[in-house]
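Peer 1: Residue numbering for the sequence shown follows the working numbering, starting at 1 and increasing by one per position.
Simulated from the structure, these hints should not be mistaken for lab results.
Being a predicted model, the structure only gives us computed values, none of them experimental.
Treat each hint with caution, since some may be false.
Unchecked claim - Cut-off 20 Å, straight-line C-alpha distance, at most; resulting in silico cross-link-like pairs (SDA-like, lysine to any residue):
| no. | residue 1 | residue 2 |
| --- | --- | --- |
| 1 | LYS451 | GLU492 |
| 2 | LYS233 | HIS275 |
| 3 | LYS510 | LEU467 |
| 4 | LYS312 | LYS233 |
Unchecked claim - Pairwise CB distance ranges (calculated):
| no. | residue 1 | residue 2 | range |
| --- | --- | --- | --- |
| 5 | GLU410 | LYS173 | 45 to 55 Å |
| 6 | VAL262 | SER159 | 16 to 26 Å |
| 7 | ILE330 | ALA182 | 35 to 45 Å |
| 8 | ASP324 | GLU166 | 42 to 52 Å |
Heads up, the beta-carbon is just placed ideally off N, CA and C, and yes, glycines get one too.
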Amino acid sequence: MLSKVYSSGVLGIEGFEVTVECSAWDRIPAFELVGLPDAAVKEAKNRVRAACENSGFVFPALDVMVNLAPADVKKEGTAYDLAIITAILQCDGVIPPDADLSDKCFIGELSLSGEVRAVTGVLSMAVSARDVGKREIYVPLENAKEAAVVAGITVYPVSTLKQLVEHLRGKEKIEAAPSELAGIDLSNHSDAPDFSEVCGQLKAKRALEIAAAGGHNVLMIGPPGTGKSMLAKRLPSILPDMTFEEALETTKVHSVGGDLRVGLLTDRPFRSPHHTVSPAGFIGGGAHPRPGEISLAHNGVLFLDELPEFPKSVTEALRQPLEDGVVTVIRAAAKVKYPASFMLVCAMNPCRCGFFGDGTSRCTCSPQMRSKYLDKISGPLLDRIDIEIELPMVSYDDISRKKMTGERSEVIRARVNAARAFADERLKAAGDEPGLLNANMSAKMMSTHCKLGEAAEALMKNAFESLGFSARAHDRVLRVARTIADLDGSLEITEDHVAEAIMYRALERKYWRRGV
Numbered sequence: 001m002l003s004k005v006y007s008s009g010v011l012g013i014e015g016f017e018v019t020v021e022c023s024a025w026d027r028i029p030a031f032e033l034v035g036l037p038d039a040a041v042k043e044a045k046n047r048v049r050a051a052c053e054n055s056g057f058v059f060p061a062l063d064v065m066v067n068l069a070p071a072d073v074k075k076e077g078t079a080y081d082l083a084i085i086t087a088i089l090q091c092d093g094v095i096p097p098d099a100d101l102s103d104k105c106f107i108g109e110l111s112l113s114g115e116v117r118a119v120t121g122v123l124s125m126a127v128s129a130r131d132v133g134k135r136e137i138y139v140p141l142e143n144a145k146e147a148a149v150v151a152g153i154t155v156y157p158v159s160t161l162k163q164l165v166e167h168l169r170g171k172e173k174i175e176a177a178p179s180e181l182a183g184i185d186l187s188n189h190s191d192a193p194d195f196s197e198v199c200g201q202l203k204a205k206r207a208l209e210i211a212a213a214g215g216h217n218v219l220m221i222g223p224p225g226t227g228k229s230m231l232a233k234r235l236p237s238i239l240p241d242m243t244f245e246e247a248l249e250t251t252k253v254h255s256v257g258g259d260l261r262v263g264l265l266t267d268r269p270f271r272s273p274h275h276t277v278s279p280a281g282f283i284g285g286g287a288h289p290r291p292g293e294i295s296l297a298h299n300g301v302l303f304l305d306e307l308p309e310f311p312k313s314v315t316e317a318l319r320q321p322l323e324d325g326v327v328t329v330i331r332a333a334a335k336v337k338y339p340a341s342f343m344l345v346c347a348m349n350p351c352r353c354g355f356f357g358d359g360t361s362r363c364t365c366s367p368q369m370r371s372k373y374l375d376k377i378s379g380p381l382l383d384r385i386d387i388e389i390e391l392p393m394v395s396y397d398d399i400s401r402k403k404m405t406g407e408r409s410e411v412i413r414a415r416v417n418a419a420r421a422f423a424d425e426r427l428k429a430a431g432d433e434p435g436l437l438n439a440n441m442s443a444k445m446m447s448t449h450c451k452l453g454e455a456a457e458a459l460m461k462n463a464f465e466s467l468g469f470s471a472r473a474h475d476r477v478l479r480v481a482r483t484i485a486d487l488d489g490s491l492e493i494t495e496d497h498v499a500e501a502i503m504y505r506a507l508e509r510k511y512w513r514r515g516v
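Could you put the whole structure together from the sequences, leaning on the hints where they help?
Peer 2: Next comes the structure, spelled out in C-alpha cells:
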C-alpha cells in the first residue's frame, strides 16, 4: 500500500514543495518518519497517532513508513502534521485510495484532540503551492485569511481532522474561504499619530519629509524632550502607499516571523527594538533561523532610540544590509536570505547626560566623557546615514499654544506622493524602471539623474574638499539633493538643492570633530 500527498515548507521567506509519501506493510506494527526531519517533525509521530484515535479513527496496526521528500532538505516545524496523517489514512483506506490528491496541498499542526492549529509561513507556502500547479490548499482556520490573498488557488479552512476526512470522502464539504484580494485597500491608513501634534521643530519635520520622499536614513541628535521619538513614531503616517508587491513581500516576512494572524499587511512596518536586543533577534538567525528586526522592518521604518546604548555587535551589523537591502544568515543547519530594505531612523542625545549644547549650563559631562559616548557610533555607520539633524529645545511659545497649528500628516504625505510620482516619471523618461528610491540609486543611474549645473558643481566641490567628504558621503549628498529637487518638481538639481543637502551632513563636524 502506497499513498502520496503534498505539503510545503519554508526556506528563508520562500516556500518549497514537500512530497509526503506513505508506505505500509502487514507486519509488526511500527511507525518510522524519514526525510531529514527536525525534532518537532519527529514528534509528529505521537501527535498524529493521538489525533487520529481521538477523532474517531483507528490508527493502522501496520508497519508504516513516511518519507518527506526532498530528503536532502531539512524539514522544520509542525506544518507537516496534516499532510502526514492524510497520507497515512489514505494508505489505510480511510480516505478513498482512488481520491485524487495530486492537486491539493495540506498544511497544519495537529493537537492531540484532532484540532488543527495555526502555523507560521502559510503565505509563502500558499504562493509556492500555487506556483507548482496546486489548485487547492487546506490550512488551519486561523491561517485562512493569510492564504486567501494568493490568487489562483482555492483555500479551504480546516478546524479538525475529522472535518477534513469527511470532506475528502465527499460527505460534508468544507466551504472555501473567500478571496481577500477584492477588499484590499493599500492606501496609507496607518495608526501612527499625526505630525500636527509635534510642537515646533520645523527643520526636523522638513528633513523627515525629504527622507520619506527619497527613502533616506536619518539621525536625530538633541537633548531629552525635544521630540525625537515623537517625530520618528509619526514618520509612517507620511510614507507613501505600499504597492501590492511590497505588501505581499512584507506579509511573507511577518508570516515566517510568526507575528501574523490577519490577511495582507497594508501599513508600512514600524519596528523599534530595545537596545538590549540580541544580535540574532536584530539581524535574524537562531538555531532555526527566523527573520530579525531589520527584516520585520522591510519596506518600512527601523527606529533605533538611544543609538549609543546599542551594542556595537548590533549597530555594526547594520552596515551590509543598509548597502544591499538583504541579510544573509548562515548557520550550520541552513543558509537563508531575508529582505531588509528599510528606512533607518536613529535618535540619540549629544552626550551621556543629554544636555550638551542645549544653551544652558546643565551638562555635567567632561570632554572625554562626551567623546567616549559619541565614539560608540562608528564612522562607517555614520557614512551610511544620509540626513543628520539637530533638534533644539522647544520654546515656551511653541508648547503653550492651545491648538495644533502644524501641518497634518495627510498634507505632508500628499507632497511625498507627488515627489515620488515625479521621480517615477523622470525614471521612465530616462528608460529606467520606475519605483526605485533615490536613496538606492546606483552610481550608473546617478550619472544620469544627478547631473549638476556649473554653480551646483562648484558648491559640491568646495564642500567635498573643505568638509572631507568620503566618496560614499558625496554620493549620498547627491541623492538627497535629487530628492529635494523632486519635491520641488525640478528636473535640474540647483545650487539651493545641493546647499540644503550639504546642511544635513554638518553634525559630524560639530559632534565628532571630523569631516564627513
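Peer 1: Checking each numbered hint in turn, tell me which of them this model violates, lowest number first.
Peer 2: Result: hint 4 breaks, nothing else.
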